[in-house]
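*Asks:* Given the structure of chain B, go ahead and fit chains W, F, V and Z onto it with the hints provided.
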Amino acid sequence: MLINCVAYQNGAKLADISVDHISDYVSLPGCFVWVALADATPQELQEMQQEFGLHELAVEDAQHGHQRPKIEEYGNSLFAVLHLIEPDAEQGGINVGEVDVFVGANYVLSVRNRSKLGFLGVRERCERQPELLRTGSGFVLYALLDAVVDRYFPVIDALEVELEQIEQQIFTKGAPHNNIQRLYELKRRAMVLKRAVAPLMEGVGKLHGGRVPQVCMGSQDYFRDVLDHLSRINGSIDAMRDTIGTAIQVNLSMVTIEENEITKRLAAWASIFAVCTAFAGIWGMNFEGMPELKWAYGYPAALVLILSVCGYLYYRFRRAGWV
Amino acid sequence: MLINCVAYQNGAKLADISVDHISDYVSLPGCFVWVALADATPQELQEMQQEFGLHELAVEDAQHGHQRPKIEEYGNSLFAVLHLIEPDAEQGGINVGEVDVFVGANYVLSVRNRSKLGFLGVRERCERQPELLRTGSGFVLYALLDAVVDRYFPVIDALEVELEQIEQQIFTKGAPHNNIQRLYELKRRAMVLKRAVAPLMEGVGKLHGGRVPQVCMGSQDYFRDVLDHLSRINGSIDAMRDTIGTAIQVNLSMVTIEENEITKRLAAWASIFAVCTAFAGIWGMNFEGMPELKWAYGYPAALVLILSVCGYLYYRFRRAGWV
Amino acid sequence: MLINCVAYQNGAKLADISVDHISDYVSLPGCFVWVALADATPQELQEMQQEFGLHELAVEDAQHGHQRPKIEEYGNSLFAVLHLIEPDAEQGGINVGEVDVFVGANYVLSVRNRSKLGFLGVRERCERQPELLRTGSGFVLYALLDAVVDRYFPVIDALEVELEQIEQQIFTKGAPHNNIQRLYELKRRAMVLKRAVAPLMEGVGKLHGGRVPQVCMGSQDYFRDVLDHLSRINGSIDAMRDTIGTAIQVNLSMVTIEENEITKRLAAWASIFAVCTAFAGIWGMNFEGMPELKWAYGYPAALVLILSVCGYLYYRFRRAGWV
Amino acid sequence: MLINCVAYQNGAKLADISVDHISDYVSLPGCFVWVALADATPQELQEMQQEFGLHELAVEDAQHGHQRPKIEEYGNSLFAVLHLIEPDAEQGGINVGEVDVFVGANYVLSVRNRSKLGFLGVRERCERQPELLRTGSGFVLYALLDAVVDRYFPVIDALEVELEQIEQQIFTKGAPHNNIQRLYELKRRAMVLKRAVAPLMEGVGKLHGGRVPQVCMGSQDYFRDVLDHLSRINGSIDAMRDTIGTAIQVNLSMVTIEENEITKRLAAWASIFAVCTAFAGIWGMNFEGMPELKWAYGYPAALVLILSVCGYLYYRFRRAGWV
Amino acid sequence: MLINCVAYQNGAKLADISVDHISDYVSLPGCFVWVALADATPQELQEMQQEFGLHELAVEDAQHGHQRPKIEEYGNSLFAVLHLIEPDAEQGGINVGEVDVFVGANYVLSVRNRSKLGFLGVRERCERQPELLRTGSGFVLYALLDAVVDRYFPVIDALEVELEQIEQQIFTKGAPHNNIQRLYELKRRAMVLKRAVAPLMEGVGKLHGGRVPQVCMGSQDYFRDVLDHLSRINGSIDAMRDTIGTAIQVNLSMVTIEENEITKRLAAWASIFAVCTAFAGIWGMNFEGMPELKWAYGYPAALVLILSVCGYLYYRFRRAGWV
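From first to last, the protein sequence lines stand for chains B, W, F, V and Z.
Position one of the first sequence corresponds to residue 10 (the working numbering), numbered consecutively onward.
Position one of the second sequence corresponds to residue 10 (the working numbering), numbered consecutively onward.
Position one of the third sequence corresponds to residue 10 (the working numbering), numbered consecutively onward.
Position one of the fourth sequence corresponds to residue 10 (the working numbering), numbered consecutively onward.
Position one of the fifth sequence corresponds to residue 10 (the working numbering), numbered consecutively onward.
Keep in mind that a hint or two might mislead.
Identical copies carry no separate label here, and so any pair may be met within one copy or between two of them.
[As the list claims (entries may be wrong)] List time: in silico DSS-like cross-link candidates among lysine-lysine, alpha-carbon distance up to 25 Å:
1) K203 to K125
2) K203 to K22
3) K125 to K79
4) K203 to K79
5) K303 to K22
6) K215 to K79
7) K303 to K203
8) K273 to K22
9) K215 to K303
It is worth saying that the hints were derived from the structure and are not from the lab.
These numbers come from a predicted model, not from an experiment.
Next up, chain B with everything else stripped away, as it sits in the complex (with noise of 0.2 Å):
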């Protein structure tokens, strides 16, 4: 489905085009045209291919979709992958869409799949900086990028957020088999971030520094800008892994050491009326020769006895901490 399909020269609009008019206006000197698809046809692929004179390799990844984030140059091109990540509020997890970019010297074509989230306030925000937009098709990758990855950030401060809640709960309430779940699932989803940035921190540094591809050249810094701010996130995620780890952990020492206090109030109480009920026990015998059931005061100072043997144990117990 195409989005829209503009024309500029110069850092400015020049005109919305249809797509029969792209190659007048990719031969213009200083032109670029954007184009942009979301969930596109084999046939809108095709088409774009031939207009654009894309790879043959591209095209194919961009059409089985499902790709790990990457920016490769194909000839004096690039094509980058990208991952949407964006809560998937029906569900409480993660859902993951793609856009495929295909930049030239005179074109940017982006592909949007499996998402909802839309790049027309990127569109907007670049004609609003025409100095920057003069740089040409690789400041729109920037600003695609630049998009994307800001993306990523609720993302991760909603992870951190639900692990912080998590958290509290190992150490006061008592509900160690949902935490454990919902550790494990807060992992499932560090991961599936992880897998979205890890790749494109490999790609996007080759946008900066060293041999830069030539669409490139002129926005460097504001590569190394995206990749800071990829940095950031991954460095996230690697102490949010290492904390869930520790967390699971955590968890099962805090079950085994109430465990532990179970057993030794279970062992106290055990202690306490095996006691008392061997003491019963003895009395219950039906020896002839028992004086003491005989005295006038042997019941009460039978019950006094034991009570006083209980309540000792108690006592040590209590002191001992395990009662």
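*Replies:* Structure of chains W, F, V and Z alone, referenced to chain B:
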């Protein structure tokens, strides 16, 4: 066993030829011969060695089999070892075959071992793309690599599906013994795949960018595409291994949590019955001066008292979530 | 908020100047202006951007704050983000502030955020070493870096002291719940420090050896010294994190060992009382033909027997170290 | 102890020579001397040092023994330390010997220590391939390396077989104590192998590709082949160590699962008997007004009631899978 | 405290000189002065700084002490910090001293801190090898490094011996509490050694191969030898840390296994006595119509029945290996 032996010139099939005529075609300009063997005998390999001038060490590796995946340069020719991974339907495990590929400027020799998966489809696809096949024997290597790597995807998918099944079991039903055995088995299978993929990545990485062997010069972008697929699989395996490790830990946690709950319940019921038995023991003693034994309503009063105490304990344990 | 604004020439202070006169001094040969802001407003930052020609992205980072530590080159100028770590006395936690430093050939601008720690001492020390300050604005960057990094040492020392306290608790007293919570908290604080140190190491590493930015040329040895301090802190943090991991594991082991001992003791006492109760039960049966019940010394003999068996069991358990 | 001392020229054996004549042959063009010692005395080593001009530090290393595997260049000569790993039949462990090889343009000196494995076979194989031996002393180094590395394969195979045996035990029979001890022992043996292989990989890696020592120039492909074998072994060891770690964890899980099952069974039977005893205790009380005691069918009714309750409990526990 | 101060020329000792005459000797061709200090005062260091023109930062490091090991270049001179590790006989721990070495073309200054280990032996050994000492001050640095590193070997050996002792305890006797405390302590000591060795490896690595500081040029092979020793120690420490981690895990497993066995035994005996008590309870009931109570052989029959049941249970548990 010879599967087939075909000569190609400028991307087009010249003829099915017999092994004896290989040397005639090899010397034609722009011509290369593609020979496919399966479970080759030492004699066949020796014949090929003489025909194509293969390096002694490479032939030795092909003969011994059970090599780790690799891509090695011998002068101007390449020797590649690839693992063929196929689900083993009978045993529910994984079967590992091997393809050894020798590539020179004017020949490709593939030797398939211990696997029923053939490469006829690869040859057909190559012949349908003469403009690519024209780039030479390096493209055939790419086509074989691509076919082998594409077969890894369903294997990793199957592993991921099974992992999800086990995950659901961990948090719902109670078959920890079974879960852990399946997780262990799964990890083992993931390792088999890992050992097919990781060393191959290293090898393929040398076929694009930087200094590339002559025969692969024209297909660099294609080899990068294969590398990208391998990275994706490798990433999935690493994530899976990490997840399996966590799942084993989580499974242990769930067992400990369950044990904790049973210990609590045991402690609770033990207390209740111990109280009941202790009271009964007291009134079962044979002292003479036990006035309550003579009371008209002594027995019902005792029963009520015992039941009240036990009931109160039950209520307390219930509220604490122990029973 | 402007803290101060001073012009220096050849290592000596020229004058405290107002912001309006910055442009006059910046153009003098061998002269640079050092401006210090705290919690700067966007207006102040914008003013500075115009005065010194700061790069848009760097100013944006300084405005947003919450950056990861980094040292970035923008043309001939540098932009550094440093974390200020100070123990938070009230909450027992750690407070993380931020200093953003812009360094050009003829200016240094430091912006301090969310921290009460000032840098007046740094300015004084610099002014006392005119022979070093003469090397230019790069030395001021070093002095600020050095001051920031020096403040990490007491933080890591405090963490190490607390770790030692917990370690002693693990092996002596019995507060496993508390220990594990403190270890968890400690790890979290170590992570905060780690995230201040590790990215900074990367940044400082680019300021000595190899290709060094022009403004830092004369202070290379000094930056290496800072890097060395950072390496030391980083090594301490890594060792601490490793130790905390082990300590959590050890704490769990200690809990399990304690549980084991209690289980043993429980088993021992349960056996002793069970034997006692079983004997008493036997002689409490109502059979008629129980001759021992009629014996003169039946009762004492029974008591002696019961006590002997129980005593023997106790002796055995004692020797086995169970009770 | 001198094993043998032979002079070779252009790949062919010239003569068995005595140590005194070494200097005569060493100076012949295209000629090299191959000396093999076993458990050499300091005197023998000193003699060889003078004969071949060995470097002081290398000779010192050979004398002290217990070096880590390495391949070092001293000017134009090489010094290699290799570990000889052989299963120690008597103790069921692993015996680690050492071979020190000094290689110069016109000599090879191998010194074997603490091992009964000889290298006569290597010499024979070399002499049967004069076209390869002609490339010089570097090929002898390859032949020795190859022989040493080939002997690692049966060792790692034996470890893998044992690991599989233990794995079967973990999931079937119940000997967790034994399993864990065997796993620990296995890991230790894997470490011994690892320490023979990993440093050697590093050393051999320098003998092909890039800057290669002069004496190994002609045998680069062969050294790459050895490196490939080492990589395979190294990969197997790493996989095994990872698996052992998981197996220890799994074994612990199985123990905990078994404990869980026993706790359940204990809890179930304890409940059943506690109920039985409590009922009996009630009717064993000595109250007067207990009408059921006088009933004609009181006793059988009581027995039926007790058995019914116990039976019901048993049924419930059975269904829950506890007994 | 000045230990000694000697001038050397062409590898031979010239004279013991006083500090005042240093400047006379330093300017002689082919001559260098070797000064040894112990626990130097700031005054002594300052004097040396002026005498040899030491870099301010290096002197500062030497004054503060507690540096991490490193080897730094300051212009044409080197500054090395080494850790002196010695077993602390009194506390059973490890004492960490420090040697700071300043090396220039014509001087060596070593400053030893917080350690009783001296370097007189090093000086003697150097003087006995004039042909090596002739290569200059770099060789003295090697000799000091070698002496320091050689002293690490007995420390690591002692740690390995203790690890083996603990390992034997883990699988035989039952002192898990003690084992784990010793393992923890061992790991801590291994860490101290690690922190002495790992950074030093990095530093020494720069003294051979590639770009080597001028003063070390002639002793490259010797520094590689030190590096090799450090690698060996580092490998041992890493292996030990890995083993300690496994040992802690195994120790926990052994505790759990023991607990499992005790739980089994407890369950078994509890069952046996519970059965006995239940039977006795039944016949202790006060029902009237209990015909077996009146039977002549009722009592012995009851005893036989009880014993039979208990005996059968015992037999079953025995066979299952529970008691």
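*Asks:* Next, verify each hint and record whether it holds.
*Replies:* Okay, the hints, checked on the actual structure:
1. With identical chains, the CA atoms of K203 and K125 are at most 25 Å apart within one copy only, with a shortest distance of 21 Å there and 35 Å across copies.
2. With identical chains, the CA atoms of K203 and K22 are never at most 25 Å apart, being 37 Å at best within one copy and 47 Å at best between copies.
3. For the identical chains of this complex, K125 and K79 are intra-copy neighbours only, at 21 Å inside a copy versus 34 Å across copies, given an alpha-carbon limit of 25 Å.
4. In this assembly of identical chains, the alpha carbons of K203 and K79 lie at most 25 Å apart whether taken from the same copy (14 Å) or from different copies (21 Å).
5. When the C-alpha separation of K303 and K22 is checked against a cutoff of 25 Å, the pair qualifies neither within a copy, at 114 Å, nor between copies, at 107 Å.
6. In the homo-oligomer, the alpha carbons of K215 and K79 lie at most 25 Å apart both inside one protomer (11 Å) and across protomers (18 Å), since each shortest distance falls under that limit.
7. Taking CA atoms no more than 25 Å apart as the test, K303 paired with K203 passes in neither setting, with 82 Å inside one copy and 78 Å between copies.
8. In the homo-oligomer, the alpha carbons of K273 and K22 never lie at most 25 Å apart, since the shortest distance is 77 Å inside one protomer and 72 Å across protomers.
9. When the C-alpha separation of K215 and K303 is checked against a cutoff of 25 Å, the pair qualifies neither within a copy, at 100 Å, nor between copies, at 97 Å.
In this structure, the hints that do not hold are numbers 2, 5, 7, 8 and 9, in rising order.
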